[in-house]
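Each chain is listed here by its residues.
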Amino acid sequence: MARQDPKKDVVIVGLGWTGSILGMELSKEGVEILALERGEDRKTVPDFAYPNMIDELKYGIRYGTMQKPKNSTVTIRRTLDETALPYRHLGSFLPGDGVGGAGVHWNGHTWRPMENEFRLRSYVEENWGAEIIPEDMQIQDWGVTYEELEPHFDRFEWMAGISGQAGNVNGEMIEGGNPFEAPRSRGYPLPPLQQTADAEMFAEAARAMGLHPFPRPGANASEAYRNEYGMQLGPCNFCGFCERYGCINYSKGSPQTCVLDALKRKPNFQYKTNSEVLRVTLADDGKTATGVIYWDEEAGEEVFQPADIVILGAYSLHNVHLMLLSGIGQPYDPATGEGVTGRNYAYQMNGGTSMFFKDVDFNPFIGSGTVGMSIDDYAINQIDFGAEGFIGGSYITAGRANGQPIRGIALPSGTPGWGAEWKQGIGEWYGHSMSIGSHGSNMSYRDVYLDLDPTYTDKHGRPMMRMTFNWKDNDIRMTQFMKSKIEPVAESMNPDLMQSSYKGDGAMYDVRPYQTTHNVGGAPMGADPSTSAINRYLQSWDVHNVFVMGASAFPQNIQYNPTGAVGALAYWAAEAIRKDYMPNPRPLV
Amino acid sequence: MSSDVPSTRDFRPTRRGFLQGGAAGAALTGLAARARAQDAAEPVPLDQYEPQFFTAAEYAFVLAATARLIPSEGDGPGAIETRVPVYIDLQLGGDFGQAADWYMEGPFQPDADPLLGYQSPLTPAEVYRQAIPVVEEFCQNRMGAGFADLSPEDQDSVIKALEQNKDPLSGSDSGAEDTEVVESGAGGGASGGSAEPATSQPILSAELRDFFSLLLQNTKEGFFADPMYGGNYQMQGWTYIGFTGARASFKEWVDKHDVPYPLGPVSISGERA
Ligand SMILES: Cc1cc2nc3c(=O)[nH]c(=O)nc-3n(C[C@H](O)[C@H](O)[C@H](O)COP(=O)(O)OP(=O)(O)OC[C@H]3O[C@@H](n4cnc5c(N)ncnc54)[C@H](O)[C@@H]3O)c2cc1C
Ligand code: SF4
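Taken in order, these protein sequences are the chains called V and L. Note that full-length UniProt numbering gives residue 180 to position 180 of the first sequence, counting from 1, and the numbers run on in steps of one. Note that full-length UniProt numbering gives residue 203 to position 203 of the second sequence, counting from 1, and the numbers run on in steps of one.
Hints are not guaranteed to be accurate.
As a list, the in silico DSS-like pairs of lysine-lysine whose alpha-carbon atoms are at most 25 Å apart [to be verified]:
#1 L:K160 x V:K358
#2 V:K43 x L:K256
#3 V:K43 x V:K28
#4 V:K287 x V:K43
#5 V:K264 x V:K459
#6 V:K7 x V:K358
Chain L stretches covered by chain V per the calculated footprint, using a threshold of three residues with CB under 8 Å from any CB of chain V [said to hold, decoys possible]:
#7 41-47
#8 114-122
#9 125-137
#10 140-147
No wet-lab data here; the hints were simulated from the structure. Yeah, the Cβ is synthetic: ideal placement off N, Cα and C, and Gly gets one too.
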């Protein structure tokens with residue numbers, strides 16, 4: 001029998017990026033808040049302290065800060081007639097675990113989607129007609145516009161201490177920034193980072209070809225900074241252990257460095273670790289939630305935690321899993337195309353070209369999560385979808401994140417993976433290669449979705465979530481287009497050798513190599529309750545006191561890393577909850 | 001994982017060899033340090049190392065196999081000089097070997113398309129334990145000697161066969177051989193099993209098919225992981241390629257493009273090379 005704890009005004013599930021932001025913002029209303037985090041507590045000191053954090057094996061290879069599949073994972077299949085099998089150890093994506101969530105071990109690339117990405121279906125229909133949308137593609141508008149979200153992007157960027165160069169401030173174009181970005185109300189809080197050699201070489205080549213390189217924006221502080229919550233960052237020292245690691249240096253924007261110490265001082269905020277929420281409990285009529293049931297690891301028992309408002313901030317995949325387990329929203333059915341929970345899962349389509357320069361010393365161990373230069377000349381608002389035969393776009397980028405050797409050393413193709421030639425190859429080429437990557441959109445499709453697995457269960461005996469995902473022709477055409485644009489830039493740089501890796505015809509999803517932890521969709525937001533699980537304020541259509549944060553809200557994937565938009569949506573939803581919902585709880589749409 | 005691993009020194013095989021009992025290293029460090037003072041902390045030679053996990057036969061195989069995966073000849077150290085076999089022994093005896101973080105509940109479908117990831121019911125430690133005798137038997141049957149006793153060329157051909165997981169001499173359709181040995185099935189859209197050519201037999205069963213990739217991955221880890229894990233002896237792996245190890249502070253050098261960084265690596269325990 002579950003223990004029952006005293007009621008809270010708000011319970012937040014997960015204390016990563018979105019949970020921290022919602023905690024901070026809602027605490028301003030004086031309400032009693034409890035955040036439940038399934039993992040351990042984590043603080044910069046001692047948990048990320050030098051030198052123990054600088055351990056490639058423990059964190060980069062054995063995923064020390066991440067979700068352990070033993071405790072939580074999904075099953076995966078590529079097609080409807082395949083049997084989904086468990087994602088038994090991590091590979092393709094690396095969800096976070098513990099206080100800070102994946103916000104601890106992200107790189108920090110922080111982008112704003114383009115204006116037309118928020119109304120993608122309308123944009124395509126207006127410009128080329130609905131007939132260019134492939135039959136099985138389910139792209140949708142978000143139900144919220146860039147203009148509405150602009151102040152909230154600004155909030156997130158100034159909270160997380162983003163380094164970057166604005167290209168368009170209120171319509172005024174600024175030299176050196178991204179000329180294709182949507183107008184922003186002011187620049188970034190910090191100037192761009194210093195650049196590494198590969199980034200400058202790429203930028204120079206791109207400029208010479210008439211393209212428009214700019215420093216890529218990111219949460220690695222270029223200078224000392226203090227944010228609106230009084231949290232302070234120190235300048236990034238390019239430690240080369242950014243992605244997959246907690247920052248040793250208080251330089252990476254994360255829940256720890258930007259929110260949590262301030263939040264923990266609020267008397268009306270509490271958090272509990274080792275407390276995994278098992279499901280949201282609903283009132284008999286199913287129209288409101290009564291609270292959550294969680295597993296209290298220390299006490300070894302289930303606890304019913306009553307609450308007036310439930311915020312899901314558990315990361316996109318876990319948000320959808322909890323909705324499916326709790327009966328929030330009708331589960332999506334690919335046979336009929338009906339139902340909303342689990343609908344429109346999407347991923348990220350990336351590719352890249354590696355170049356080898358015998359005579360250039362890149363010092364690859366000097367790097368940060370986000371240092372680099374990018375171009376948006378082939379972004380989603382620059383491409384004639386009708387002429388090119390695909391819907392989507394990419395940003396193209398070069399910059400050095402790390403030179404960690406176990407994670408891989410680029411070698412000319414044809415070099416064996418072991419033996420004398422491999423050894424000679426790593427001696428010859430380590431530090432003499434660079435790459436230009438494309439980071440691209442991924443559309444949503446009728447048979448790409450999330451539901452409950454019929455066979456496998458987790459350690460609590462709950463059905464696991466099943467992911468059905470595969471690459472589709474439209475997105476493969478998009479990435480092949482990027483290849484055709486990147487290779488000439490690479491060639492113009494006169495490398496000794498170069499080689500490309502982009503998905504080609506018939507590519508199947510391979511769960512083994514790391515790709516991105518940009519799992520999006522599954523609880524899409526929108527204006528139409530028959531095709532979206534949550535409304536424009538991230539409020540469940542069916543259960544109005546449940547708000548679902550995270551990239552699960554994306555109706556298809558943007559061409560950028562998700563967290564800029566995830567952060568903006570969190571601030572946008574927080575404002576709606578504070579100003580509109582709390583005074584008068586009801587469906588906001 | 002590996003939170004149970006004590007500090008660098010306790011893993012120096014010197015002391016393990018000396019102390020043999022396998023009691024918690026940390027408590028014994030002082031004693032061991034004094035006892036070994038004369039011989040300048042030279043670790044026990046690999047052939048006298050007493051494995052925690054491997055049997056003598058398994059250890060002999062791993063010594064010989066890693067010595068081919070990263071050979072000693074040519075520039076730079078090999079798996080032997082960097083003490084990779086010690087690293088692998090300690091990993092398999094620890095959380096990694098037990099698949100402590102992995103989801104290991106059934107049902108299992110070990111012959112699934114490799115693109116769907118690891119699907120064997122066996123832990124990495126069990127894969128090594130069960131695969132090594134199969135490989136040894138293969139060597140005996142095909143080449144008349146155990147792996148360690150083969151010539152380096154024959155050892156390489158066994159490793160190549162393992163990499164493909166195909167017995168090159170099985171089946172009789174010799175004319176087709178050239179085309180068969182090219183792809184391991186991990187490439188395209190073919191789903192596992194069905195596209196397998198009928199002429200060559202796998203050496204290892206589906207449950208053991210990840211043995212080669214585990215061995216190779218673990219070998220490279222042992223070459224490049226911090227020395228506290230037992231390999232990368234004296235940071236030789238890092239020094240060879242020019243990696244700086246745990247330095248992790250480069251603000252003053254970011255702008256010095258194409259200027260070689262002047263300092264060698266440091267380890268987590270503060271050793272320099
Ligand atoms: C290696 C890596 C690199 C990345 N790099 C970038 C990047 O450069 N740019 C970018 O935009 N994005 C990046 N991301 C993605 C980014 O980290 C996420 O978008 C972001 O952290 C999402 O915020 P969130 O609040 O939704 O989830 P998280 O920050 O992950 O927080 C979710 C929290 O909920 C907890 N939780 C889950 N289930 C439960 C439950 N049932 N009960 C209680 N607690 C639960 C988790 O333990 C976790 O702490 C990266 C991710 C990874 C893993
Ligand atoms: S690269 Fe910079 S921001 Fe990233 S972990 Fe290192 S010091 Fe922190």
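Going through the hints against the structure:
In summary, the hint linking K160 of chain L to K358 of chain V is not supported, as the alpha carbons are separated by about 29 Å, beyond the 25 Å threshold. Between K43 of chain V and K256 of chain L the CA atoms are separated by roughly 33 Å; this puts the pair beyond 25 Å, and the hint is violated. Under the criterion of a C-alpha separation no larger than 25 Å, the hint pairing K43 of chain V with K28 of chain V is consistent with the structure, at around 23 Å. Restraint check for K287 of chain V and K43 of chain V: the C-alpha separation of about 38 Å exceeds 25 Å, so the hint is violated.
Straight-line distance between C-alpha atoms of K264 of chain V and K459 of chain V comes to about 31 Å, which puts the hinted pair past the 25 Å bound. Using a Cα cut-off of 25 Å, the hinted pair K7 of chain V and K358 of chain V is violated, with the two alpha carbons roughly 65 Å apart. Figure legend: the region 41-47 of chain L, annotated as covered by chain V; annotation inconsistent (0 residues with Cβ-Cβ distances under 8 Å, at least 3 required). For a cut-off of 8 Å, the count of residues in the region 114-122 of chain L with a CB near a CB of chain V stands at 6, and the three-residue condition holds.
Counting residues of the region 125-137 of chain L whose CB falls under 8 Å from any CB of chain V gives 0; the rule of at least 3 is not met. Given a C-beta distance limit of less than 8 Å, the hint that chain V covers the region 140-147 of chain L is violated, as 0 residues qualify and 3 are needed.
When the structure is compared with the earlier hints, violations turn up for hints 1, 2, 4, 5, 6, 7, 9, 10 and for no others.
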